[in-house]
Amino acid sequence: MKDEFINKKIDAAMHSLDGIEKASPRPFLFTRLEARMQTEKNVWYKLSSFVAKPIVAFACICLVLIINASVILLSDTKSNALTQTSPELATADEYSQISSTIYEFENVKP
Amino acid sequence: MTEETELIELLKKKDRAAFKDIVETWQNMVYNTALGILQNAEDAEDVTQETFVQVFESVSSFKGESKFSTWLYRITVSKARDHIRKKKRKKRFAFIQSLYGRNDEPVIDPPDFFHPGVGMENKENAAVLFKAVEQLPGNQKTAFVLNKVEGLSYIEIGNIMQITDSAVDALLQRAKANLKKILKEYYSAFNKNE
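Quick mapping for you: the protein sequence lines, in order, are chains A and B. Oh and the first sequence: position 26 is 341 in this note's numbering, straight run, nothing missing. Oh and the second sequence: position 40 is 105 in this note's numbering, straight run, nothing missing.
Next up, chain A with everything else stripped away, as it sits in the complex (with noise of 0.2 angstroms):
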């Protein structure tokens, strides 16, 4: 009796679509149409519409990664160097012989 029912069904719903008519889309799709054929011809749309690609997106947030860790990298090896050129200026430093302020200047015993 329960088979019975819903073969019913399924048999109805196959042949629901026996006589289907065209459906239309709404007036004035060519105007529509133009209007959007202009929106795209427009130059920030299609470059916003490059740069939302996800491939394009992706590729600038590597970019960027690439070039924020080259810069670190870069400036850790440089100020290495600069230690390492410098060995008088260190010495100087941790031996207070370089007065940098007005107050010890004024105070330089004669």
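Hint data in this document are derived by calculation from the structure and do not stem from the laboratory. Any given hint could be a false lead.
Unchecked claim - Below, a list of computed lysine-lysine pairs in the BS3-like style, where the Cα atoms sit at most 30 angstroms apart:
| id | chain 1 | residue 1 | chain 2 | residue 2 |
| --- | --- | --- | --- | --- |
| 1 | B | Lys245 | A | Lys317 |
| 2 | B | Lys152 | B | Lys245 |
| 3 | B | Lys188 | B | Lys128 |
| 4 | B | Lys249 | B | Lys152 |
| 5 | A | Lys323 | B | Lys241 |
| 6 | B | Lys155 | A | Lys368 |
| 7 | A | Lys368 | B | Lys153 |
| 8 | B | Lys246 | B | Lys156 |
| 9 | A | Lys337 | B | Lys188 |
| 10 | A | Lys356 | B | Lys241 |
| 11 | A | Lys337 | B | Lys151 |
| 12 | B | Lys156 | A | Lys361 |
| 13 | B | Lys132 | B | Lys85 |
Just so it is clear, the structure is predicted and the values come from calculations on it, not from any experiment.
Starting from the known structure of chain A, arrange chain B on it as the hints suggest.
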């Protein structure tokens, strides 16, 4: 030279009036196909517009080896399937509702698409059928929509999908068998819950 060929030649020269004529002649066919595949009026309109933009831009590649309508159907089907793919990609990042409830009972997802071309007496049944069509694999869905919603013959569907008539027949047989299976599950669950 037929009127259609003349229009195509004018469109190749980017003639606005010819483009308007082409849109007005074929818009129902393109929209109805897109609506059958996408089951959403807004998406179908979007795909209809995309199809005509593509036609305008690449009409020079149309050599007349197939009928213009066949070429147009091919673009529509491909755009509609791309649209579905894009939507699925977006959904992957969003919250996906589980198919099963808390007690692992199947949740009945009520049909929400009502094709405007279906008569009142078949409205509910057609909505359930469309819900089932949504679950078919891409090629089966395309063949079924072109056959049942657009009323195309096996030969025409074969030309659009670039497969043989017997392959179309096999696709439709599989589509019908799958639909019956899906409908059986739906009505059994519906019966249980009532």
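Satisfaction of hint between lysine 317(A) and lysine 245(B), Cα-Cα up to 30 angstroms
holds, 16 angstroms
Decide if the proposed pair is consistent with the structure: lysine 152(B) and lysine 245(B), CA atoms, cutoff 30 angstroms inclusive. holds, 26 angstroms
Can the restraint linking lysine 156(B) and lysine 361(A) be considered satisfied, given a maximum Cα separation of 30 angstroms?
-> Measuring from Cα to Cα gives roughly 25 angstroms; hence the hint holds.
Note to self: Hinted pair, alpha-carbon criterion (30 angstroms max): lysine 188(B), lysine 128(B). Please report holds or violated.
What the structure shows: violated, 41 angstroms
Taking only the CA atoms, is the gap from lysine 323(A) to lysine 241(B) under or equal to 30 angstroms?
holds, 16 angstroms
Requested in this report: Compare the distance between the alpha carbons of lysine 249(B) and lysine 152(B) with 30 angstroms, and conclude whether the hinted pair is satisfied.
Outcome: Distance ~28 angstroms between lysine 249(B) and lysine 152(B) Cα, so the pair holds.
Discussion item. Tell me if the straight-line CA distance from lysine 155(B) to lysine 368(A) falls inside 30 angstroms.
Written reply: At roughly 13 angstroms apart (the allowed maximum being 30 angstroms), lysine 368(A) and lysine 155(B) satisfy the hint.
Item to complete: Below or equal to 30 angstroms on CA atoms is what counts here, so check lysine 246(B) against lysine 156(B).
Response: Roughly 26 angstroms between the alpha carbons, so the hint for lysine 246(B) and lysine 156(B) holds.
Hint consistency between lysine 337(A) and lysine 151(B) [alpha-carbon to alpha-carbon, up to 30 angstroms]: With Cα atoms ~26 angstroms apart, lysine 337(A) and lysine 151(B) stay inside 30 angstroms; holds.
Quiz prompt | Distance restraint between lysine 337(A) and lysine 188(B), which requires alpha-carbon spacing of 30 angstroms or less | solution = With a Cα-Cα distance of about 15 angstroms, the restraint between lysine 337(A) and lysine 188(B) holds, given a limit of 30 angstroms.
Between the alpha carbons of lysine 132(B) and lysine 85(B), is the straight-line distance 30 angstroms or under? Within the cut-off at roughly 19 angstroms; holds.
(request) Below or equal to 30 angstroms on CA atoms is what counts here, so check lysine 356(A) against lysine 241(B). (result) violated, 44 angstroms
Going through the hint list in order, the structure does not satisfy hints 3 and 10.
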